[in-house]
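Between the sequences and the hints, there should be enough to build the whole structure, so can you do that?
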Amino acid sequence: MPLEEAVVVAMENIANNEGIEQQVSDHPRLKGKNLSFPKLRRNDSLEMESRTFPTFHSKGRGMTTILQLAFQSIGIVYGDIGTSPLYVYSSTFTEGIKHKDDVLGVLSLIFYTITLIPLLKYVFVVLGATDNGNGGTFALYSLICRYAKVGLIPNEQLEDAEVSNYQLELPNNREKRASKLKSNLENSHFMKLFLLFATMLGTSMVIGDGVLTPCISVLSAVGGIKQAATQITDDQIVLISVAILVGLFMVQRFGTDKVGYCFAPIICVWFTFIGGIGMYNFIKHDATVIKSINPKYIIDYFSRNKKDAWISLGGVVLAITGTEALFADVGHFTVRSIQISMCSVTYPALILAYAGQASFLRQHGNLVSDTFYKSIPGIAVVFVMTLTSALLVLIMIMIWKTHIMLIISYVLIIGSVELIYLSSVLYKFDQGGYLPLAFAVVLMTIMYVWNDVYRRKYYYELDHKVSPEKLREIAANTIFCRIPGLALFYSELVQGIPPIFKHYVANVPALHSVLVFVSIKSLPISKVPMEERFIFRQVQPKNLNVFRCVVRYGYTDVRNEKEPFEKLVVERLKEFIAEECLLSQKMLQNGQIDENSNVDGAHEVGDDERLQEAIEKEMEEVEIASRAGVVHLIGENEVIASKGANIGKRILIDYAYNFLRKNLRSSGKIFDIPHKRMVKVGMTYEL
Numbered sequence: 001m002p003l004e005e006a007v008v009v010a011m012e013n014i015a016n017n018e019g020i021e022q023q024v025s026d027h028p029r030l031k032g033k034n035l036s037f038p039k040l041r042r043n044d045s046l047e048m049e050s051r052t053f054p055t056f057h058s059k060g061r062g063m064t065t066i067l068q069l070a071f072q073s074i075g076i077v078y079g080d081i082g083t084s085p086l087y088v089y090s091s092t093f094t095e096g097i098k099h100k101d102d103v104l105g106v107l108s109l110i111f112y113t114i115t116l117i118p119l120l121k122y123v124f125v126v127l128g129a130t131d132n133g134n135g136g137t138f139a140l141y142s143l144i145c146r147y148a149k150v151g152l153i154p155n156e157q158l159e160d161a162e163v164s165n166y167q168l169e170l171p172n173n174r175e176k177r178a179s180k181l182k183s184n185l186e187n188s189h190f191m192k193l194f195l196l197f198a199t200m201l202g203t204s205m206v207i208g209d210g211v212l213t214p215c216i217s218v219l220s221a222v223g224g225i226k227q228a229a230t231q232i233t234d235d236q237i238v239l240i241s242v243a244i245l246v247g248l249f250m251v252q253r254f255g256t257d258k259v260g261y262c263f264a265p266i267i268c269v270w271f272t273f274i275g276g277i278g279m280y281n282f283i284k285h286d287a288t289v290i291k292s293i294n295p296k297y298i299i300d301y302f303s304r305n306k307k308d309a310w311i312s313l314g315g316v317v318l319a320i321t322g323t324e325a326l327f328a329d330v331g332h333f334t335v336r337s338i339q340i341s342m343c344s345v346t347y348p349a350l351i352l353a354y355a356g357q358a359s360f361l362r363q364h365g366n367l368v369s370d371t372f373y374k375s376i377p378g379i380a381v382v383f384v385m386t387l388t389s390a391l392l393v394l395i396m397i398m399i400w401k402t403h404i405m406l407i408i409s410y411v412l413i414i415g416s417v418e419l420i421y422l423s424s425v426l427y428k429f430d431q432g433g434y435l436p437l438a439f440a441v442v443l444m445t446i447m448y449v450w451n452d453v454y455r456r457k458y459y460y461e462l463d464h465k466v467s468p469e470k471l472r473e474i475a476a477n478t479i480f481c482r483i484p485g486l487a488l489f490y491s492e493l494v495q496g497i498p499p500i501f502k503h504y505v506a507n508v509p510a511l512h513s514v515l516v517f518v519s520i521k522s523l524p525i526s527k528v529p530m531e532e533r534f535i536f537r538q539v540q541p542k543n544l545n546v547f548r549c550v551v552r553y554g555y556t557d558v559r560n561e562k563e564p565f566e567k568l569v570v571e572r573l574k575e576f577i578a579e580e581c582l583l584s585q586k587m588l589q590n591g592q593i594d595e596n597s598n599v600d601g602a603h604e605v606g607d608d609e610r611l612q613e614a615i616e617k618e619m620e621e622v623e624i625a626s627r628a629g630v631v632h633l634i635g636e637n638e639v640i641a642s643k644g645a646n647i648g649k650r651i652l653i654d655y656a657y658n659f660l661r662k663n664l665r666s667s668g669k670i671f672d673i674p675h676k677r678m679v680k681v682g683m684t685y686e687l
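1 is the number of the first residue of the sequence shown in full-length UniProt numbering; add one for each residue after it.
FYI, nobody ran anything at the bench for these hints, they're computed from the structure. Some clues are possibly wrong.
If you anchor each label on the Cβ, the simulated ranges turn out as follows [what the hints assert, rightly or not]:
#1 Ala-645 x Lys-502: 38 to 44 Å
#2 His-364 x Asp-308: 19 to 25 Å
#3 Gln-236 x Asp-308: 30 to 36 Å
Restricting the straight-line Cα-Cα distance to at most 20 Å, the calculated cross-link-like pairs of lysine to aspartate or glutamate (EDC-like) are [what the hints assert, rightly or not]:
#4 Lys-457 x Glu-638
#5 Lys-521 x Glu-492
#6 Lys-542 x Glu-571
#7 Lys-457 x Glu-636
#8 Lys-649 x Glu-686
Backbone N, C-alpha and C fix where the C-beta goes; we use that ideal spot for every residue, glycine too.
Rendered as structure tokens:
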């Protein structure tokens, strides 16, 4: 970025008051712009914690866009729940239909299950708990992390709350119950671990379910070919299903937008067919099944079948397979688009389909086993639903401050239904239900190992970080020469300078003319806008040309930027220097320089030309250093268990974590760092 342009950007960012306001308004690039300067003092918050959460108001979308997204969502969100009619009744009546009215009892169960869980719970309640439009278990956890300090890594900063999509829309009323829950969560290490564990388990369950559910859906759909071509064997059906699944997963790389437009017409036709056929069967065979809307038939069904009825719930719950996708995939669309597509297309089509099948089975009960082979009970689905309800209750109490009677009603109605279904599917654990759980356990183990050792490493660096006094001593030491160039020293430590720097200078007695400590930080939000991604602070005294930079990412941000990472850092650094010069001038004019500010008073009050020259001089030093060459210094931290550690800790750190680390992409690949200009600095941490 040219120096003149960087100065203009800095002026746009910070100026609007006497003196500097006049200087800015007179600038030819900024005439007519309404500029503001809300803060004069800048504290070094890279050593502080976040404490405030301002209100954020999101922008809406036009109705045309919402309807387009609603159409696309049909092709992405409802594939699993839409194909459930293929196998629900056969999976429920595994031993055949023993009583004619059992069909009414199961239809009543299906009707109320679909109405309470996908429609009432997810569409009208859970979708209100999105994280800036993103859903899923991790989104619920991120909301709680932003409202209460339940994170296990102490890297919160004041500036985090200033990110535009970080804030929460909170009710105005303050309740003692919400404050007490918030305080209990923040003060309990056990609850922090429990929330993290629950989030990892829920995320792993969704992935585990995603491995099996598409297989079941495609296999059951292809199984219908046997009705028209009886010569086809089960092995051939499996091969056809595998080919279809491979094709489906291959087209996913083209993106949600293209896949949605491609599959939306197909799924719409599917819903039209199953709804139309359901209406036909309803009219032709037995229209009296409409009386199953009376929950009395559920009671009668359990009275007749007792334990068998409870076990059969493992089949009924397949009617809501894929419901979590309503929440997990909302980030690709919008809340309103999901609500429209569910209420206008999916829900009525499913109800008609199940009602039509029930009408048919009332006349042909002996054909129930031909619908589809007995499928695996999809356990992960119900578990994730129950976990979502638990996290949602926390949000209701602590963030939404919902009336206690509504919370109790939600727990009694929705919670009890999900727990009953969970107990039923767990009964069939040994009949295949262990598969998604096995996937989840493996994934959760990987997540836990990485998270636990990462926290241990972070606390080690925090305890052994280089003090500002030590850094000034190192930089001022005459044995160290300053060589031309700009060095980017990467670390994960946000609050300070990592100990590996001290190890580096002990072996290489040379420092580049400009040194930037780059810390990579993940925020509990989905995305961080590019213009809000970088935080810079300068290490005093200014003549050292040492800076600290925190680069913040959301959990869905892609770290390979369109521009080279080093170019972004240099550009933002220039903007920061210009802002600091203007800030220093402003504070001098207002007499606000004191020992607590991050300005050393090096700039004197002067006219526009002198200020411009001062800014360009400091930025020129960065420009010259970057032209001399940018070097990327990456810490290669080898972690081992400390001497005397127990066997569990040694296995965790020395084997499990180090195995994962060796198979992880390196920082160089993540940030597209040129290999020729990357220097790795090794150090061993005993944890």
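Evaluated hints:
1. Ala-645 x Lys-502: 38 to 44 Å: 24 Å, violated
2. His-364 x Asp-308: 19 to 25 Å: Distance hint for His-364, Asp-308 holds at roughly 21 Å.
3. Gln-236 x Asp-308: 30 to 36 Å: 34 Å, holds
4. Lys-457 x Glu-638: This hinted pair holds, its Cα atoms lying about 10 Å apart.
5. Lys-521 x Glu-492: Cα-Cα ~7 Å, so holds.
6. Lys-542 x Glu-571: The given pair, whose Cα atoms are some 19 Å apart, holds under the 20 Å limit.
7. Lys-457 x Glu-636: 12 Å, holds
8. Lys-649 x Glu-686: Holds, because 12 Å separates the two Cα atoms, which is no more than 20 Å.
Figure legend: structure checked against the earlier numbered hints; the only hint not met is number 1.
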